[in-house]
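Peer 1: Assembly of the complex is requested from the two constituent chains, each provided in isolation within its own frame, with the hints serving as guidance.
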Amino acid sequence: MRILHNMVMIMRDLSLLKIPTWDIWLAAGFSFLAPYLVYRLFHWLGTNEQFMKRWKSLKSKPKASAQPTLCSQLRQPPEKTEDEAMLHRSLNQNVDAICKQIGDNTDLYLRPFQFGQHMKAMLLYMDCATDKQLLDEFVLKPLMRLSSDGVTDRMDPNRFVRRLRLEWIPMSELEDTASLTRSISAMLVGSAVLLVDGSDHAILIGAKTKLLRAIDEPSTEALVRGPRLGFIESLRANTVILRDRTNDPNFKVIGFELGQRNRKKVSLFYVQDIAQPELVEEVKRRISQIDVDDLPESGYIEQLIEDNYMSPFPQLQTTERPDRVIAGLLEGRVAIMLDGSPFALIAPVTFNMLLQTPEDYYTRWIPGSLLRVLRYVSAFVSLFGPALYIAFISFHQGLIPTKLAISMSGTREGVPFPPLVEALMMEIAIEILREAGLRLPKPVGQAVGLVGGLVIGTAAVEAHLVSPLMVIVVALTAITSFAIPQYEAGVAIRMLRFIVMFCAATLGLYGIILFILMLLTHVVKLKSFGLPYVSPAVPFRSNDWQDFLLRLPLFKLVLRPRMLKPQDQQRETDIAKKGGDRDGSGRQSQS
Amino acid sequence: MKPNCKLKLRRHLARWSCLLLASLVLPGCWDARMINQLSITSGVALDQAPPELMTEEGAVGRNNGNLPQNPDRLQVTFEIIIPKIASGMPSGSSTVKPFTNITVTGDTMHELTRRIALETNPIFAEHAKVILISRQLAEKVDLIRLLNMFYRDEGYRESCVIFLTESDAKSVFSVKGNDIPTDTIMSIADNQFRSTRVLPLLTLQKTMEKLTNGTSFVLQSLNVYNGKLMFHSGAVIDGATKRFTGYMGALEMQGLAWLHGKKTGGLVRIPEFEGKPSFVYEVKKMTSRIIPVVNGDQISFRVQIRSRGRISEDWRPLQITENKLDIERLLQDSRRDVEREIRLMTQKTLDLIQRKYQTDIIGCSNELRIHHPQVWAKVKPQWKRIFAEAPITVDVSVDIEDFGLENMQLQKR
Chain A
138 MRILHNMVMI MRDLSLLKIP TWDIWLAAGF SFLAPYLVYR LFHWLGTNEQ FMKRWKSLKS
198 KPKASAQPTL CSQLRQPPEK TEDEAMLHRS LNQNVDAICK QIGDNTDLYL RPFQFGQHMK
258 AMLLYMDCAT DKQLLDEFVL KPLMRLSSDG VTDRMDPNRF VRRLRLEWIP MSELEDTASL
318 TRSISAMLVG SAVLLVDGSD HAILIGAKTK LLRAIDEPST EALVRGPRLG FIESLRANTV
378 ILRDRTNDPN FKVIGFELGQ RNRKKVSLFY VQDIAQPELV EEVKRRISQI DVDDLPESGY
438 IEQLIEDNYM SPFPQLQTTE RPDRVIAGLL EGRVAIMLDG SPFALIAPVT FNMLLQTPED
498 YYTRWIPGSL LRVLRYVSAF VSLFGPALYI AFISFHQGLI PTKLAISMSG TREGVPFPPL
558 VEALMMEIAI EILREAGLRL PKPVGQAVGL VGGLVIGTAA VEAHLVSPLM VIVVALTAIT
618 SFAIPQYEAG VAIRMLRFIV MFCAATLGLY GIILFILMLL THVVKLKSFG LPYVSPAVPF
678 RSNDWQDFLL RLPLFKLVLR PRMLKPQDQQ RETDIAKKGG DRDGSGRQSQ S
Chain B
2 MKPNCKLKLR RHLARWSCLL LASLVLPGCW DARMINQLSI TSGVALDQAP PELMTEEGAV
62 GRNNGNLPQN PDRLQVTFEI IIPKIASGMP SGSSTVKPFT NITVTGDTMH ELTRRIALET
122 NPIFAEHAKV ILISRQLAEK VDLIRLLNMF YRDEGYRESC VIFLTESDAK SVFSVKGNDI
182 PTDTIMSIAD NQFRSTRVLP LLTLQKTMEK LTNGTSFVLQ SLNVYNGKLM FHSGAVIDGA
242 TKRFTGYMGA LEMQGLAWLH GKKTGGLVRI PEFEGKPSFV YEVKKMTSRI IPVVNGDQIS
302 FRVQIRSRGR ISEDWRPLQI TENKLDIERL LQDSRRDVER EIRLMTQKTL DLIQRKYQTD
362 IIGCSNELRI HHPQVWAKVK PQWKRIFAEA PITVDVSVDI EDFGLENMQL QKR
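In order, the protein sequences belong to chains A and B. For the first sequence, our numbering assigns the number 138 to the initial residue and increments by one for each residue that follows. For the second sequence, our numbering assigns the number 2 to the initial residue and increments by one for each residue that follows.
Because the hints were derived from the structure by calculation, they are not lab data. Certain hints may be false.
Claimed, not checked - Label-pair ranges, simulated between beta-carbon atoms:
hint	chain 1	residue 1	chain 2	residue 2	range
1	B	Gln375	A	Ile653	49 to 57 Å
2	B	Gly156	A	Asn185	57 to 65 Å
3	B	Thr96	A	Ser356	23 to 31 Å
4	B	Glu155	A	Gln426	56 to 64 Å
Stated by the list, open to error - Below, in silico cross-link-like pairs of lysine-lysine (BS3-like), each with a Cα-Cα straight-line distance of 30 Å or less:
hint	chain 1	residue 1	chain 2	residue 2
5	B	Lys9	A	Lys193
6	A	Lys347	A	Lys190
7	B	Lys7	A	Lys540
8	B	Lys177	A	Lys662
9	B	Lys177	A	Lys540
10	B	Lys379	A	Lys155
11	A	Lys421	B	Lys7
12	A	Lys540	A	Lys193
13	A	Lys664	B	Lys9
14	A	Lys664	B	Lys277
15	B	Lys207	B	Lys130
16	B	Lys229	A	Lys540
17	B	Lys325	B	Lys277
18	A	Lys237	A	Lys347
19	A	Lys662	B	Lys98
Where a beta carbon is used, it is the ideal one built from N, C-alpha and C, also for glycine.
This is chain B alone, in the form it adopts within the complex (with noise of 0.2 Å):
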């Protein structure tokens, strides 16, 4: 090799290992860890601790933990998946579950994680999908105390999806049935396209984010009835006091789902009515606008609701006729019963929110702050009062455009 060679060489190599030595040094990149010596979470519970303990002596003995006396207590429990029969692979016999439930106590979120890695490995949250929050734990902690580490901590993802449940939050991730129970969650949550019953998925950052802007906003509870899973009904928090209010009914759940005309599904059973017999109308489309009129101190709102659909089931006498006028008649009498019956939904969406609960969960305030800003820099300290006050009409509109394959000429309208 010519000299010349070698210096050049042993510059390349000074060089490289320079490169390599700051490549390795400088990024702390270091943790290493094999995917099977993770405890993959893909739930998480929230609870309060069971009375005994939230007691000294109690929480001694049950959790190897020395914790003095707390009556704000929390219980958590990590669903963790055991991959080795999630997967699918051919051990043991079909009936043992493809998880496991690991429940700690302690005062806070973190040292709580932390107390798992006396039991097993540490918790691997970046696939954790559900975050469940007992009913009791919310009425009387503030939510933003309780999901502050989940949104602090980058380990769990802001797209984990936030639920209320009206039993132990515990208790739903030990249904009945083999299935995970999250993924059953998820997968109906799906169905919102199906339901007006289903709300729209609050993931943790639009939690975080109603939360700390102080609206008021609804979560979708869950229940178990009997060992099963099933979604509930929506429950109010309050955006002053960042706590659990109260439970929405079923139509009040319908007809919030029109006033806030964001979805694309649903059916609304018009009841028998002056002796007419009940049909059903499938939303197709819906969409609603929030307007908010000041007229010197008075603020009031006016919805303005519009929808496209189709009768999909109709108990009423079978009516054949060529007759314009009375596929006319027919048509005008099917509407209007429609736009009653979701009028009368919303109105009483807006009695219970406007008298009972007094919060905002329609997103007035939002509209007021965007329209008016002045004004509503003004009412704000007093909004809880001034909402529940406010007048708010509701204009409804539907347009009926297919029948199905009865009454055909309707289409051809």
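Isolated chain A (complex conformation) (with noise of 0.2 Å):
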């Protein structure tokens, strides 16, 4: 009886609970069939051979249309052009036609002489592009020499210059060429082209004067800890520096030469057992297709090969440290290095690049993860800074603690502008001050950023034109977006600044949300080299969270990044202190 009563009560209670109606359980299903369905076309979709067969033949179409142009335009043979003009077996013609070519420049340099008493030689070079003195030691002086021994006369001309060539001049850098074209190319860019009368081949002789500046600290990426070393102009010294620090055979410089009018040399460096094959392929198919008159410096490359012209973000990474290239090397990058310019670019790049720098790795990791997060927490102020202001000052007022509000109310008395203009003020002052002091020489750049700083910001809150937390702001931002250690970054960060001020100053909160929104979507959009750009995050891969927001100790990272999909997936420094030997007496050899 008295279970019946419960049963009767509990009955009551539920009927209190509204059973829904029938459009939100068919809402309710629908909700749960429509991506379950969805999920499931797309499980059979992928199981279905026929089908993605299909699919990835039609996905490597536009591949596949690529590929003759990366054969015919990658490392073009000198001596394989068509309309090539040869050299003529007189002296007196050759030297004609190379006079009718570049006789003009005065700088062209005329040395005829003799071996013994017929056989007539002239030595052309352009002055200051070679170096004289190697010339005169070591190609003058021997056949000077010879032609005192009078060994040669009765030889054929050309049997001659090959023997000169094989036998009596002592350089390094010799090349025979029947080539005029070739032979003009070679003398401008420095070399000597040394013509013997009666024979139709020349010998070109490397002799180019090095034009070195010294290699010092790039003054762009300075650490407090690490090597003191950056690269310079030349391409040569550079490829010497990195190979001084890359024993690996693996390690791998692929030439190119670009540009239509100046040809430049070009390098990609990459680590062939580490770097994705797919990757150097990309890389190399859109160097490739360079085509323009000249390069003048690898900004132009990192146009010209970037995936979205239209992003705020540099989506190759530039450096001018040896050891940051190797690290990226040694991860799965690729770099390019351009002649003429001391900046490598490396590639793919991923946001958390930008805020990284190398003394992460070099100091330990306690004091380098936290380094690490407030470069983060500086980018974050540095691109939210005045639009937060905005939005709390014009919106939310409420939001700020009530002693904070009244002194912001005061000290905003008397201001004439909406924040927004005083923002927009103060900031593109700061902008331009900045821009000032870079164009300005050192000494008097400085003077100007801080005796222009001060004087602008103390003058304007004295005339009421800026409240002083305005500018406390103003100052905060400019220091943060210091902090972020790559230029081009801070750079990203400073226009994109301007953009979320703008919607925080229409919608206040939440038009930040939206310009937030917006960025997410681009960034999460934004791919590098295949690589998306906020890579670690989305798509998720918990492994390289490990150097991520934080730097782990470095027996923690033992994996290279997995989101690079490296051929070798395992750093070999690290296996020895996981497997607890600490002395590191007994390592073991991983290949």
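Peer 2: Next comes the structure, spelled out in structure tokens:
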């Protein structure tokens, strides 16, 4: 009886809970079924072999069409061009032909001399481009001595030239050519050309003057701890610097010559058994498609091979530091260097790289991690500082703590502008100061920055043009933007800051949220050489988080970043410590 | 530019402008106001309008409004902060008050608030911390009606604290000195750990919960003596009528704190008793439990009070002794005295609320509802009478764990 009573009570209680009407059930069913069906569909498609085959062939088509251009443009051997002028047997005609093309240059230098009685020869070079001391010592001196011997008189001139090259000129950079065009172009970049009467072959003597500046620490990427070593403007020297620090035989350097008018040497560096082959191929393809007159700086290459020209973010990392390049290569990235530019490009790049410095790895892991977190914070402040100020001041006064709200209100008393105008004025002033300081000579520039900042700030506050708090916010954003180690990333954030300020001024925090959403959609869509830009975060790879926001101790970083799909996944140096072998006596070798 | 690129760019532009347009048009967030154009209000005081403003003629002249006669007319005072002075900017002399009071008269709260627009910038109430209600008004008008607008309006935070004032509520905002009165109130309210006479704060949220539940409760009341602000006593609000019924005395407030058992500080003075001088017990912790006992139709309650604390001042003759038994006796004596005193205080409180006010402000009804829902459902309509008649017994047990630096052996017990 009692149970029955309880049952009735329970039923009555249940009836209070309204059973949903049919439309809610329908909606619930639909919201479950729709994603599930889509999931099933794609699962089925993924497992369906026929479909996958057709899909893959569909996707790979454009790649196939790109293939021939890759081959045709890659590594053009210089001797294979069609319309090349050839050398003549007569010395006079050859000299005339050369003089016809470049004879009106004042720095063309002709040095005629003789072997024995009959054999005339001519040494041609560009005056300053060629090292005259080398020529005197190793070309003219032995040849003069040779001519006095009188051995050469009755020899066939072509054979004589061959013997000259093989036996008598003790220099390493010699080239035998029959092409007039090749001779001229070699001469223009500093080789000397030795022509012998009666022979249609010339000897190109590589005796280029080396204009090298001293290797010093890059001023844009100064470190407290780390090698004081930066790249210079010579690709050859840079290659030497890199080779010096990588004894790995798998370290590869692939050369390109780009530029229609001024041929420039471009090198691609990677470690063969680490870097993903598809990545290397893709970079090669993009580089070989570059078709411009001249490449004055590696910034040209960057702009010509990047993925998205509309994006504010740099899609290649530029660095002057060899250690950074090598670290990138060992992670499975590739580096591109241009002759004449001290800036190496590292690809692919992810957003977190822009907030890292090599120092993160050189100092111990706790300070390294904390400093890295600090940089993330400062990037956030630098991007959203003025925007948050505007939003709070003009929309969300209730979110500020009371005391602060009162003092903010007090300091804004008498300021004639809305916060947006106030912020824009100060931000633009700061940007101008910064730009002006960059262009001026260093000591003057510093003075301009300091004086300008102080004077404008205090004067503006005293004139009640801006509130003192605004000056603090602007100064804070300026300082935090200096904490971003990559100049390009800093510029991106400075640009975006202005957009957020407008968003905040029209819609408050809501506008900032909208901006963040837009930025996130852009960044998530953005790819650098096929690698998603915010990679360890989206797509999520838990392994790579070891070196993302924090930098875990070195022995924890056993695996190379998974996002780069390296061929050799394990870092060798870490194995010993992981095995508990702390004195390092029995390091396991692993290949 | 390649034609392909152009097309892409155009599509980009179209897409972005669509997004921009949508995000500009869709939200209702266009109400940007500069922070310095707001009247930052830190407190609101509700009063009954003075008699001359209740009549039609009185209202016309003084308030630019054409109001008919209304005996329940409200007068509301907003304490508006002057940021320039309050933020300590070096302007003007230091004798200027950092706030102004604006008083308006009207029939409903929202009307009043809007009338401010005739005088100064609109009220910005998100920083309001305090709502004061004068006793006169609370006696006359239902509190739910008074607080309705504050509760509905998202401009007022739910964390506003409600106080009752013995004097005119607006007089609190014109006390002597240059401190902002709401700041003074809030900093005194922080002392609730030091005194059993400062009640736990009742926010707007909690007050509304109690009012709509029909639960009786105690509001902290303030008073102004000689132009000085003081925390006065506890004001009992009857849950049935939702009006002020009466004050509690100092001892009753202490008893109430013991019955509530939620405080963490306070003192108990044990007065002279049977020739023994008084001493002071400082509470470190107190807990109380109300246990409803239902025996047929008979409902009674047992309140279990436990406390830990120390003797902080002792006027009794000094007894320095090594004898264990003596120490034990001293401790027992003190404990018994403290327990007796607490029992006395709680009994006084119970007398007051059961006999005089007949309001259950200690939460017996809630305990009954939780433990015996069926019984509660039955007695709910006549709860006021049943509570007044219900026998309530109080068990007190006190643990003295510290005598300070005197008689240190006691601690090593």
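Peer 1: Confirm or reject each hint.
Peer 2: Quick rundown of the hints versus the structure:
The beta-carbon spacing between glutamine 375 of chain B and isoleucine 653 of chain A, approximately 54 Å, falls within the hinted interval of 49 to 57 Å. Take glycine 156 of chain B and asparagine 185 of chain A: their Cβ atoms lie about 60 Å apart, and the range 57 to 65 Å holds. The supplied range of 23 to 31 Å is broken by threonine 96 of chain B and serine 356 of chain A, whose beta-carbon atoms lie about 58 Å from each other. Glutamate 155 of chain B and glutamine 426 of chain A have their C-beta atoms about 59 Å apart, which keeps the hinted 56 to 64 Å range intact.
A distance of roughly 25 Å separates the Cα atoms of lysine 9 of chain B and lysine 193 of chain A; the hinted pair therefore holds under the 30 Å criterion. Restraint check: the Cα-Cα separation between lysine 347 of chain A and lysine 190 of chain A comes to about 56 Å, which exceeds 30 Å; the hinted pair is violated. In summary, the hint linking lysine 7 of chain B to lysine 540 of chain A is not supported, as the alpha carbons are separated by about 54 Å, beyond the 30 Å threshold. In summary, the hint linking lysine 177 of chain B to lysine 662 of chain A is not supported, as the alpha carbons are separated by about 64 Å, beyond the 30 Å threshold.
A threshold of 30 Å between alpha carbons decides the hint, and for lysine 177 of chain B with lysine 540 of chain A the separation of about 21 Å falls inside it, so the pair holds. The suggested pairing of lysine 379 of chain B with lysine 155 of chain A holds, with an alpha-carbon distance near 26 Å, which does not exceed 30 Å. For the suggested pair lysine 421 of chain A and lysine 7 of chain B, the alpha carbons sit about 27 Å apart, so the restraint of at most 30 Å is met. Restraint check for lysine 540 of chain A and lysine 193 of chain A: not satisfied, since their Cα atoms lie roughly 64 Å apart, outside the 30 Å limit.
Under the criterion of a C-alpha separation no larger than 30 Å, the hint pairing lysine 664 of chain A with lysine 9 of chain B is consistent with the structure, at around 17 Å. Restraint check for lysine 664 of chain A and lysine 277 of chain B: not satisfied, since their Cα atoms lie roughly 87 Å apart, outside the 30 Å limit. This hinted pair checks out: lysine 207 of chain B and lysine 130 of chain B have alpha carbons roughly 14 Å apart, not beyond 30 Å. Between lysine 229 of chain B and lysine 540 of chain A the CA atoms are separated by roughly 23 Å; this keeps the pair inside 30 Å, and the hint holds.
Distance restraint check for lysine 325 of chain B and lysine 277 of chain B: the Cα-Cα separation of roughly 22 Å lies within the 30 Å cut-off, and the hinted pair is therefore satisfied. A distance of roughly 28 Å separates the Cα atoms of lysine 237 of chain A and lysine 347 of chain A; the hinted pair therefore holds under the 30 Å criterion. Under the criterion of a C-alpha separation no larger than 30 Å, the hint pairing lysine 662 of chain A with lysine 98 of chain B is inconsistent with the structure, at around 57 Å.
Violated hints, listed in ascending order, are 3, 6, 7, 8, 12, 14 and 19; each of the other numbered hints is respected by the structure.
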